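**Q** Take a look at the letters that make up each chain.
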Amino acid sequence: DGGITQSPKYLFRKEGQNVTLSCEQNLNHDAMYWYRQDPGQGLRLIYYSQIVNDFQKGDIAEGYSVSREKKESFPLTVTSAQKNPTAFYLCASSIALDRPSNQPQHFGDGTRLSIL
Amino acid sequence: AQSVAQPEDQVNVAEGNPLTVKCTYSVSGNPYLFWYVQYPNRGLQFLLKYITGDNLVKGSYGFEAEFNKSQTSFHLKKPSALVSDSALYFCAVRPFTSGTYKYIFGTGTRLKVLA
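So the sequence lines, in the order shown, correspond to chains A and B. Per my numbering, numbering of the first sequence is gapless, rising by one per residue and ending at 116. Per my numbering, numbering of the second sequence is gapless, rising by one per residue and ending at 115.
The following block holds chain A by itself, in its conformation from the complex (with noise of 0.2 Å):
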């Protein structure tokens, strides 16, 4: 079944270190996203990639980083510039951004990120 790949499930972080979170998708798709959910809130994105070695910052892209050197696979780097990275990250694909159309993005299950 095709799908959105996220590892690890659970992560946590020391003080002064850089963390990389793995997303990988076997849906074909063009674009992906990080977006970064806190307990009880909505979503905020952080990166989108439209294509391959081509990404654009989001609403808080400030403290984190990203490649795209695949189509399959999206990486997010969580620097240590990035004071509160206590957080829920998702990352989601979906077809072009530069067509119309009523497909959906696709999830996956998460990684939780916390401080240690």
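I should point out that these hints are in silico values taken from the structure, not numbers from a laboratory. It should be emphasised that the depicted structure is a prediction, and the values quoted were computed from it without experimental measurement. Quick reminder that beta carbons are idealized off the backbone N, C-alpha and C, glycines included. Just so you know, not all the hints are guaranteed correct.
Stated by the list, open to error - Computed, partial: chain A to chain B, Cβ under 7 Å: (1) L43; (2) N102; (3) Q105; (4) G108; (5) D109.
Following the hints, put chain B in place on chain A, whose structure we already have.
**A** Below, chain B alone, put in the same frame as chain A:
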């Protein structure tokens, strides 16, 4: 600005009663509208989407949504709620903004179905 609103943070309903979770939107052009459900520690799962011409859209797990163009609403409904329907529900739109068709999410509504 193009947006989607979910005016209720939480909806409580008794098991077996009908439920409604509200969503209104403000977009230009034809709307692409979606509902998702999120269970604890899980990602968002797609429930249903608006299909042009159908004011009542049926989706997964017995859910349906009523599209009202004049009121710019896309309310999620279910005739008889189950305790297992308790979850966080998100409405989303996909408007054309700055050259792309981005997905914009509402803030979510927590549904609690009481036994």
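**Q** Against this structure, judge whether each hint is valid.
**A** Verification of the supplied hints:
| no. | hint | verdict |
| --- | --- | --- |
| 1 | L43 | 5 Å, holds |
| 2 | N102 | 5 Å, holds |
| 3 | Q105 | 6 Å, holds |
| 4 | G108 | 5 Å, holds |
| 5 | D109 | 5 Å, holds |
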